[in-house]
Structure formats: C-alpha cells, structure tokens
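Student: Single-letter residue listing:
Protein chains: 2
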Amino acid sequence: MAYGGKPQPMKGIRQLADHLDISIGTVSRALNGKPDVNEETRKRVLAAAEQLGYVANQSGRSLRQGTTNVIGLMIQSSRETVENSDNFFLTVTGGLQSVFSRHNLDLIMLPCPNDEDPYEYLKRMVARRVVDAMIISETQRIDKRFDLLAKAKIPFAALGRSLSIGQHPWADLDFDGVANCAVDRLVAHGHRRIAISTPASDINLGFVFVEGYRRALERHGIHYDPALVIRAKSSEQGGYQVADELLSLEERPTAVILIYELMAIGLYRRMMEAGIIPGRDIAVVGFREAPRAKFLQPPLTCFRTSLYDLGVELAEILLSAMPAYGHIYPKTRRQTIWSLELIPGESDSFQLATTK
Amino acid sequence: MAYGGKPQPMKGIRQLADHLDISIGTVSRALNGKPDVNEETRKRVLAAAEQLGYVANQSGRSLRQGTTNVIGLMIQSSRETVENSDNFFLTVTGGLQSVFSRHNLDLIMLPCPNDEDPYEYLKRMVARRVVDAMIISETQRIDKRFDLLAKAKIPFAALGRSLSIGQHPWADLDFDGVANCAVDRLVAHGHRRIAISTPASDINLGFVFVEGYRRALERHGIHYDPALVIRAKSSEQGGYQVADELLSLEERPTAVILIYELMAIGLYRRMMEAGIIPGRDIAVVGFREAPRAKFLQPPLTCFRTSLYDLGVELAEILLSAMPAYGHIYPKTRRQTIWSLELIPGESDSFQLATTK
DNA sequence: ACGCGCTCCGTAAACGTTTACGATACTATG
DNA sequence: CATAGTATCGTAAACGTTTACGGAGCGCGT
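Taken in order, these protein sequences are the chains called A and B.
Per my numbering, the very first residue in the first sequence carries number 12; after that it's consecutive.
Per my numbering, the very first residue in the second sequence carries number 12; after that it's consecutive.
Hints listed in this document are in silico derivations from the structure and should not be mistaken for laboratory results.
Hints are not guaranteed to be accurate.
Which copy? The list can't say, so a pair holds if one copy fits it or any two copies do.
[Said to hold, decoys possible] With a straight-line cut-off of 30 Å between C-alpha atoms, the simulated DSS-like cross-links for lysine-lysine are: (1) Lys162 - Lys134; (2) Lys342 - Lys155; (3) Lys22 - Lys162; (4) Lys162 - Lys54; (5) Lys45 - Lys22.
None of the values given here were measured: they were computed from a predicted structure.
Using the sequences and the accompanying hints, generate a full structural model.
Tutor: Now the structure itself:
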C-alpha cells in the first residue's frame with residue numbers, strides 16, 4: 012500500500028527504498044556491492060535506481076564515510092602560467108584520469124584565483140575536506156604548501172620539484188637533463204659563450220634548469236657567467252626581451268637556450284630586426300616541442316615528451332601514497348624525473364667559426 | 012574545567028565549541044555572520060578558529076544547507092579540444108573567478124575523461140549534487156546535456172550555442188560575425204571564390220561559422236559551393252590538410268578562412284611547398300589572435316578579443332540565472348554574442364587581379 | 001525436537017553542520 | 001513592581017548516507 016502511487020520526486024535513498032518496499036539499509040548495501048544481499052533483490056534495486064535516476068548524494072556519503080573519491084589538481088590559472096601553459100595541464104590531466112577512472116576516482120581541477128594567495132587557497136580547499144588527495148603544480152623554489160599538506164595529513168604528490176619537498180612524492184620534467192644536453196650539443200658545435208633564459212618568478216623549474224646548465228658548463232671547463240642568465244617571461248614578448256638583452260651585452264653570446272619554445276618567436280624576430288640570423292649567426296635551442304617550432308625558419312631544435320604519460324606516472328605515484336591504494340601501486344619510484352627526447356632542428360646545427 | 016588541556020586534534024566545530032566553552036550553535040552563528048551573537052564572543056570565536064585552523068567541513072555544511080557554494084565548469088579535456096584550446100579555458104576561468112569570488116563561490120573544473128560519455132559524466136556530477144550550478148562548454152549542435160540540466164533543475168549557462176539551447180542562457184564568440192567580416196573583406200579585395208575550414212566534429216561553433224559565411228556570400232550574390240567547406244582538425248596538421256584539399260580542387264579558390272589560427276601554420280607550409288605564396292597567391296584569414304599569428308610571414312589577418320572578459324560576462328549570466336543571486340544581476344542579456352576585433356595582417360591585403 | 005550455522009534484511013546510530021525554537025537575563029516602560 | 005521587549009545563547013532536529021548489530025527464517029545434522 013505504500014507504493015504503487017505516482018513516481019515520487021526522488022529525493023534520496025529513502026524514496027527509492029519506499030518505492031521498492033525495502034529497507035533503506037538493504038538498498039544502500041545493494042548499490043554498493045556489499046555481500047549481505049540477495050542477488051535477486053540487488054537486481055531489483057539496481058534496476059529501480061537506473062529507472063528513477065537515483066545517484067547517491069555526495070555530501071551525505073562523504074560525511075558518513077569521511078571520503079570523497081575525488082582527487083584535486085591545483086593550478087594557478089592566471090599568473091604567468093596562463094601565458095605558457097598551452098595545453099600542458101589538459102594533456103597531463105588526460106593521463107591522470109586514465110588511471111584514476113580505473114579506481115572510480117574523479118579528478119577535479121582547482122584553479123586558484125589570481126587575487127588569492129595560493130597557500131591560503133589550498134588551505135581552504137584542504138580544510139573543507141572536499142578531496143581525498145591533492146596534486147599541486149607549479150611548485151616554487153620554497154613552497155609552504157608542502158608543509159601544509161603534510162601537516163593536514165592529506166596524501167599528495169607534486170608536479171614539479173621544490174627545495175621544500177623532502178621525501179614527498181613528485182614527478183617533474185627533466186629540466187636539468189635538457190639543459191645539460193643542450194649545452195653538450197652547443198659545445199660540440201664550437202660554442203663557448205652560451206646564454207640561457209629562465210622565468211622571472213620563483214617557480215622552481217627555472218632554478219633546476221639553470222643549475223643543470225651551470226654544471227654542464229663546468230664539466231666543459233667553461234666559466235659560468237651570471238650575466239648570461241636572462242630572466243624573462245615565458246612568452247613571445249619574453250623572448251623578444253631576451254634577444255634585446257643579449258644584443259646589449261658587450262661580449263655577445265653565440266648561442267642561447269630558451270626555457271620555453273614560444274619565446275623563440277619573439278627572439279627570432281628581434282634578432283632578425285638586428286640583422287642577426289638564427290641558425291647562422293646565433294644558435295637557438297628551445298624546450299618543449301610544439302607545432303610552431305616546426306614552422307619557425309630555421310626549424311627550432313627542441314625536446315619532445317609525452318605529457319599524457321607523465322600524467323599516468325604522476326597518478327600512480329599519488330595512488331601509491333594513498334593508504335587505500337598503496338597495496339596496488341608499489342611504493343617504489345616515488346620521485347620521478349621525466350625525460351625528453353631531442354628533436355634536432357636547424358636553429359643550432361651550424362658549426363661555429365672560431366672567432367676572436 | 013572542560014578546557015585548558017592540550018590542544019585537541021580539531022575534528023570539527025564540536026572541539027572548537029568545547030575549547031571556547033560555548034555552545035556549538037553559537038559558534039556556528041558566529042562564524043557565519045548571523046546576527047544573534049554578541050560581537051565580543053564573535054571575536055573570540057573567530058580568533059580561536061583562526062588559531063586552531065578550523066574550517067567548516069564542506070560535506071556536513073552542504074548536507075545541511077543543500078548548497079555547496081561551488082560552480083562547476085565542465086570541459087572535455089582530451090578530445091579534439093586538447094589540440095586547439097590553447098589557454099582558452101584557463102583565461103576564461105580567470106574571468107569567471109573574478110566574479111564568483113566576490114560571492115564566495117568557488118569554481119572547479121570538471122574534465123570529462125576521454126573514455127567516458129560526456130552526457131553520462133555530467134549526469135553523474137549533477138546527481139551527486141557536488142555543485143550548485145554548472146557551466147558547460149564545447150556545445151554540440153544537438154546536445155542532450157541541456158535537457159539533462161533543465162530536468163535536474165540545476166542552474167546553468169553554456170559557453171557556446173546549440174540548437175538544443177532554447178531559452179537557456181549562454182555566451183558565445185561571434186563566429187558568424189567573424190565569418191561575415193572576413194567574407195566582406197575578401198570580397199572587397201576582389202575575391203569571389205572563398206573557401207572556409209570548419210571542425211570535423213559536431214561541435215556547434217563550426218556550423219555557426221559556416222552559416223555566417225554562407226549568408227555573407229549570398230549577400231554578395233556569390234554562389235555557395237559546399238566543396239569549398241573543408242572539414243579538418245583544428246590543428247597544424249588540419250591546416251596542412253586543408254591546403255592539400257584546396258590544391259586538389261579543379262577550380263582553385265583564391266582565399267581561405269580558417270576557424271583556428273594555428274591551422275595557418277600548416278596551411279602556409281603546404282602552400283609554400285606547392286609554390287603558392289600566402290598573401291600573394293592566396294589570401295588567408297584566421298580566427299583568434301595568438302602570438303604566432305604575428306610571427307607568420309606574411310602576418311596573419313585575424314580577430315582579437317578578451318577571453319577574460321568573456322568569462323566575466325558568462326559568470327554574470329550564470330549568476331542571474333541562480334535564484335540566490337538573481338536580484339543582484341538583472342535578468343537582461345542572458346544570451347550574449349561576444350564580438351571580436353579585426354587585426355589586419357598582410358595575409359589577405361593584396362588586391363586580386365581579375366583572372367579568368 | 002533441538003541447536004547450529006547461514007543467508008538475508010531491518011533498525012538505529014553516526015558523520016559535521018546549520019537553524020528553528022525556546023530559554024534566560026537584562027533593560028525599558030507603564 | 002509587573003510586563004513587554006531585546007539581546008544573547010543553548011538545545012535538538014534535520015540533511016542523506018553508510019554500517020555495526022541483531023533478528024528472522026530456513027535447512028540440516030544429531
């Protein structure tokens with residue numbers, strides 16, 4: 012007598028139970044695949060849920076379970092990043108999700124507003140307990156967020172290294188390896204005076220990049236000259252500015268390594284304006300591969316990698332740090348340096364004539 | 012006697028209340044700025060919350076209130092989009108947040124996994140009641156998501172038009188306006204045979220784009236030839252392919268309008284390979300402005316707009332559709348076409364000699 | 001007949017908030 | 001002094017789940 016009426020408005024598991032004339036507990040067990048339920052009734056419950064479009068309210072569930080089945084990826088959308096992130100995050104996200112979805116985990120991206128302090132933003136998100144675990148990106152050289160997450164006892168992994176990172180898990184592009192390879196290549200072509208560009212901000216990858224460059228120079232017995240380290244934004248304008256600064260140096264370098272491929276556009280233009288031809292008068296090496304690198308004339312020498320696979324790796328690293336999944340993903344390789352493959356172009360392929 | 016011990020582990024408002032020797036209700040009222048609380052005690056509560064790092068558990072709060080203070084932005088991260096979205100979403104997101112943050116609303120991005128049906132994904136997210144309102148993007152020509160959201164009675168706005176949109180609010184780039192302007196310009200330069208590129212997928216913007224193009228042609232008394240509408244991916248490779256198809260036409264067009272600026276890179280290259288010089292032998296007009304458009308030789312004629320401000324507009328449109336904010340944002344202009352400004356380059360500036 | 005184990009299901013407590021309601025103390029007013 | 005009004009606070013219910021616990025029914029061996 013309780014059922015048979017018009018379809019109730021479906022406000023929760025209560026209505027579903029009433030409709031089936033079954034207790035609320037049994038419905039919950041049936042939906043969640045618990046063992047203590049007849050296969051026959053489980054089928055009925057699942058069918059009714061499908062038909063009535065019932066999906067468990069997330070708030071109620073996570074309040075009870077203390078878990079949300081959500082992983083957060085924090086990004087700082089609109090600072091310097093927005094100029095150069097390209098599809099970096101979306102591609103990495105694809106890899107992350109391919110792993111998470113296997114475990115019924117949902118990934119959400121948490122873009123920190125540009126008028127809010129990233130640390131405070133993260134604190135807020137963490138304290139609200141809206142995610143089970145966290146991935147942070149664009150790590151600073153000194154980054155208080157690591158302490159915050161550790162103290163909050165929330166599992167996390169970082170996309171990018173940091174001095175503050177300790178034993179925490181991370182994955183990062185091989186910035187020093189790339190810088191190293193670029194220097195080797197340039198030195199082999201006869202260059203001794205090599206400039207490098209790095210972001211103006213405190214993002215750690217810049218330091219790692221320059222550090223790899225410095226060590227490579229030392230290995231070749233070349234003096235490290237801080238004047239050749241140019242801080243600039245990772246954009247076309249930044250590249251233009253780098254060229255500007257290089258041109259103003261009294262002892263002009265014969266090669267330059269850019270931390271972001273897009274900068275080559277501006278650099279090429281400024282050099283051309285000054286009558287200096289990239290690939291003939293100055294060697295240029297970029298960083299990540301991108302379509303326009305192929306278009307530049309001469310084509311830019313740069314480095315390729317699969318950001319999707321980097322996402323896969325990072326997801327596994329994070330899961331191995333989560334108690335509930337630690338048994339599936341071994342605790343090995345919790346800190347991964349992601350290598351890139353050299354794509355030789357023609358922007359640095361000339362042999363330097365011994366000048367001076 | 013109840014307090015003064017060591018700092019409790021701070022599990023919730025309960026501990027905070029105990030620590031202050033105040034009732035749990037008063038603490039809640041104090042934190043939420045309710046009137047029925049002494050200013051003196053409110054200060055004590057706020058101070059203690061700050062000191063102990065208390066932030067309300069989101070699950071408990073939204074379970075009780077039936078509201079989450081979260082707006083979702085759904086994106087399909089890794090389909091065709093990932094090739095061409097550039098920083099489109101991150102930039103729009105910046106604008107969205109600048110509005111939402113004024114109302115203590117948090118924006119989260121919900122990237123639909125590429126192996127999941129977007130409709131099912133959205134259904135899941137909506138049913139879980141994890142957001143108060145929703146923004147959907149990359150709208151298809153026929154898009155079932157509108158029905159879904161309307162039936163679920165969840166406020167929403169769309170970034171992009173659709174045939175399924177009815178009276179629902181949206182904001183969209185002025186695709187037909189751009190196509191219109193491009194045709195006008197090309198016709199003024201003597202072109203009569205004008206090709207256009209459009210995405211291969213069912214995303215609606217392609218249809219709007221071509222429709223604007225078709226109407227502009229008609230206005231000039233030019234026959235609309237379906238053979239000149241080339242479907243291709245919005246990437247460099249897509250541009251290469253467009254050029255390929257144009258070259259294979261018996262009656263070759265003298266101008267081409269691209270729906271995505273990046274395609275110009277591939278198109279330029281393929282044209283050059285065939286000995287055809289863009290800006291001299293064929294006119295090219297691109298769509299959104301991007302740094303590389305300036306670098307292309309000859310510079311690409313394209314269109315500029317502020318995606319950030321588009322985000323601001325879209326946020327206001329959404330808020331005006333939410334009951335709790337409708338009184339702040341008037342119900343006017345719930346469907347907005349976002350205009351773009353022509354950036355003349357040299358890729359289409361030559362006057363066509365009357366051939367044939 | 002009895003007890004035991006097993007399968008299946010209902011009951012109720014608990015998760016952390018917010019908020020309607022009532023209680024208390026104090027002030028002002030007659 | 002009695003009463004009404006006001007400011008402040010405590011109490012408890014409610015939100016929608018999950019899950020520990022116990023109970024009912026049944027089959028089976030002794």
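Student: The structure should be examined with respect to each hint, and the outcome stated for every one.
Tutor: Hint by hint, here is what the structure shows:
1. Lys162 - Lys134: within (11 Å within a copy, 35 Å between copies)
2. Lys342 - Lys155: Cα proximity of Lys342 and Lys155: one copy only (25 Å, versus 43 Å across).
3. Lys22 - Lys162: So Lys22 and Lys162 pass the 30 Å test across copies only (14 Å; inside, 38 Å).
4. Lys162 - Lys54: This pair counts as between: shortest inter-copy Cα distance 26 Å, intra-copy 44 Å.
5. Lys45 - Lys22: both (23 Å within a copy, 29 Å between copies)
In this structure, every one of the numbered hints holds.
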